[in-house]
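Here are the chains, one letter per residue:
Number of protein chains: 2
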Amino acid sequence: MWRRSIGSLMVSISRTYAAKESNMAQLIDGKSISQEIRKQLSQELKELVATGCPVPHLTAVIVGDDEASKKYVANKMVACQEVGISSETKRLPASTTQEELLQLIDDLNKDPLVSGILVQLPVPDHINERTICNAVHVEKDVDGFNEQNVGRLALDMDGIIPATPLGVKRLLEHFNIETFGRNAVVVGRSKNVSLPMAILLSSDGKYATKAMDATVTICHRHTPPKELARYCRNADIIVVAVGKVGLITKDMIKPGACVIDVGINRIKDEKTGTFKLVGDVDFDEVRQVAGHITPVPGGVGPMTVAMLLHNTLKAARKQFSDRKTC
Amino acid sequence: MWRRSIGSLMVSISRTYAAKESNMAQLIDGKSISQEIRKQLSQELKELVATGCPVPHLTAVIVGDDEASKKYVANKMVACQEVGISSETKRLPASTTQEELLQLIDDLNKDPLVSGILVQLPVPDHINERTICNAVHVEKDVDGFNEQNVGRLALDMDGIIPATPLGVKRLLEHFNIETFGRNAVVVGRSKNVSLPMAILLSSDGKYATKAMDATVTICHRHTPPKELARYCRNADIIVVAVGKVGLITKDMIKPGACVIDVGINRIKDEKTGTFKLVGDVDFDEVRQVAGHITPVPGGVGPMTVAMLLHNTLKAARKQFSDRKTC
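Chains as they are written, first to last, in the UniProt record's numbering: chain R, 1 to 326; chain H, 1 to 326.
No lab work stands behind these hints, which were simulated from the structure alone.
Certain hints may be false.
Repeated chains share a single entry, so a pair holds when one copy, or any two copies, can fit it.
[Said to hold, decoys possible] Okay, derived cross-link-like pairs now, BS3-like style, lysine-lysine, Cα gap no bigger than 30 Å in a straight line: (1) Lys-318 / Lys-191; (2) Lys-244 / Lys-206; (3) Lys-250 / Lys-226; (4) Lys-210 / Lys-70; (5) Lys-268 / Lys-90; (6) Lys-90 / Lys-324; (7) Lys-226 / Lys-254; (8) Lys-250 / Lys-324; (9) Lys-276 / Lys-206; (10) Lys-206 / Lys-226; (11) Lys-206 / Lys-191; (12) Lys-90 / Lys-244; (13) Lys-210 / Lys-46; (14) Lys-314 / Lys-191; (15) Lys-210 / Lys-226; (16) Lys-110 / Lys-90; (17) Lys-314 / Lys-90; (18) Lys-191 / Lys-210; (19) Lys-31 / Lys-314; (20) Lys-46 / Lys-70.
Small disclaimer: the values here were computed from a predicted structure and weren't measured.
Given only the sequences and the hints, what does the whole structure look like? Please build it.
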């Protein structure tokens with residue numbers, strides 16, 4: 001009797017455990033997917049160079065001493081080396097004037113050996129970020145932040161698409177997440193991530209950007225919380241890029257939905273007392289309801305770097321063919 | 001007894017009638033509002049010229065013999081004359097090559113006497129519409145179709161906004177329709193109307209485009225009808241620009257919602273046997289539920305022409321000040 005009850009208790013525990021396991025969302029491992037993409041890019045680059053083309057080159061520019069910026073750029077440079085893209089980082093003092101920065105960008109625009117230019121944001125307050133983004137030549141604008149590339153994306157034209165939304169698209173494709181005619185919600189309305197994401201999700205797949213034909217709702221800081229929850233609960237795909245810990249909770253998720261977390265927040269881990277990175281999604285709770293979910297870190301982040309490399313190779317190919325270099 | 005029942009019957013009829021009347025949506029009379037705007041533009045233009053500035057000039061280009069295009073352009077030219085904008089129409093044969101058209105646009109781009117250039121769409125099939133739109137100089141692009149102006153709108157930058165969505169914004173402002181944090185639905189995803197409309201509705205009002213801070217859902221041909229109805233029923237503002245008679249019906253409208261009909265469809269009036277213009281909204285039914293509604297014709301259409309004039313005056317002012325002409 002005693003044994004039996006223990007036995008049944010253990011059975012019920014294991015059942016509960018099994019049920020929980022089977023309900024768990026599939027993890028979207030951006031790290032491993034981005035590594036596959038990097039290998040592929042490395043192979044494509046070898047083949048390009050084998051045809052007699054120059055090695056594509058990315059020049060990154062950092063103005064000032066922001067530690068995070070330095071770290072981001074360092075990661076990007078390492079990634080370039082890994083796939084065989086030649087790269088250099090130009091470090092300018094925080095005192096650099098806008099005119100000096102514009103002059104450097106102009107020189108890089110004209111330099112036929114430079115395939116891609118990346119000005120790490122943010123720039124110091126005395127420099128207008130938008131003026132700088134627009135100064136980078138549209139064909140070398142590997143971030144896709146130049147107003148012309150933004151317009152081209154909006155118009156379904158072939159151009160350079162910002163790395164993060166392009167990376168999210170690749171993740172959805174990798175897992176065959178259906179977007180055609182589905183309900184998608186983009187939380188946030190930033191110009192570098194959310195808006196291009198909304199355009200890519202909603203536009204026509206027949207054209208050059210191979211967009212995703214979803215019905216898209218753009219939510220933002222002025223969307224009432226109840227409305228945000230209502231839109232999310234009806235969404236097949238949610239992409240959140242706000243920078244607010246715990247913004248997206250379990251009760252806001254339709255069972256089986258795909259949840260893409262672009263948020264990166266540095267918080268103190270109360271257990272260890274150390275700092276850690278988390279997204280905008282309540283990961284541990286939401287993964288029990290969602291069908292697919294990206295972790296933070298290791299989800300969208302690595303894809304952003306991979307798509308920067310993709311954009312640099314794409315830009316180089318176009319410049320080589322326009323100039324009949326090879 | 002008999003009299004009394006007749007009396008009560010008449011009372012109940014009149015009550016029903018009164019109730020129906022009070023339920024009727026307020027008509028958004030774009031015709032009269034656009035006339036006010038034209039008067040204002042005419043006054044601003046007089047003042048501009050009085051300061052010694054040249055008279056702004058709009059050059060319209062028509063390629064081929066499309067009757068509708070001729071009519072549209074003729075209306076625009078009349079409107080120019082009315083407010084005092086100098087204008088001319090260049091008519092080119094359908095056989096015009098893309099190179100010839102690009103050469104004309106280049107000449108107009110360089111002509112300091114030309115403030116605005118309008119290439120009436122559609123162009124013949126052998127000419128690439130996008131190449132033409134991008135060829136018009138960004139500062140003279142009074143249609144706002146150039147990729148740079150599209151990018152500027154997306155980035156909340158000061159630029160030229162396509163006339164139709166800008167006209168819709170002016171209508172909403174005229175009737176003090178609250179958009180901040182409200183639910184808006186844009187039905188359609190055209191690049192000249194729907195996408196700029198969605199961007200204007202969802203973006204931040206703090207910046208140069210003075211956008212509307214609404215939560216926006218972009219629906220389109222691949223949005224399932226049930227989902228379209230669901231999104232519309234929750235919308236405070238609906239802007240429909242599809243070209244499908246009777247797409248938006250009474251049951252899809254939240255009581256009191258603002259319904260903006262950009263659709264223009266030519267149908268045969270079964271009563272008279274003649275042709276008439278109708279929108280995408282079932283006007284007679286929807287007006288019984290909506291709070292505000294635009295008629296077709298006489299709603300958005302006249303605003304589009306007024307905003308073209310606004311854009312021409314704006315473009316001229318900027319060119320005069322950039323060149324220190326006056």
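Here is how each hint holds up against the structure:
no., hint, verdict
1, Lys-318 / Lys-191, "both (25 Å within a copy, 26 Å between copies)"
2, Lys-244 / Lys-206, "between (35 Å within a copy, 21 Å between copies)"
3, Lys-250 / Lys-226, "both (14 Å within a copy, 26 Å between copies)"
4, Lys-210 / Lys-70, "neither (33 Å within a copy, 35 Å between copies)"
5, Lys-268 / Lys-90, "neither (33 Å within a copy, 67 Å between copies)"
6, Lys-90 / Lys-324, "within (28 Å within a copy, 38 Å between copies)"
7, Lys-226 / Lys-254, "both (15 Å within a copy, 18 Å between copies)"
8, Lys-250 / Lys-324, "neither (54 Å within a copy, 59 Å between copies)"
9, Lys-276 / Lys-206, "neither (42 Å within a copy, 34 Å between copies)"
10, Lys-206 / Lys-226, "between (35 Å within a copy, 24 Å between copies)"
11, Lys-206 / Lys-191, "both (24 Å within a copy, 14 Å between copies)"
12, Lys-90 / Lys-244, "neither (32 Å within a copy, 55 Å between copies)"
13, Lys-210 / Lys-46, "within (26 Å within a copy, 49 Å between copies)"
14, Lys-314 / Lys-191, "both (22 Å within a copy, 25 Å between copies)"
15, Lys-210 / Lys-226, "between (33 Å within a copy, 26 Å between copies)"
16, Lys-110 / Lys-90, "within (16 Å within a copy, 38 Å between copies)"
17, Lys-314 / Lys-90, "within (22 Å within a copy, 40 Å between copies)"
18, Lys-191 / Lys-210, "both (20 Å within a copy, 16 Å between copies)"
19, Lys-31 / Lys-314, "within (22 Å within a copy, 49 Å between copies)"
20, Lys-46 / Lys-70, "within (28 Å within a copy, 55 Å between copies)"
Hint violations for this structure: numbers 4, 5, 8, 9, 12, all remaining hints satisfied.
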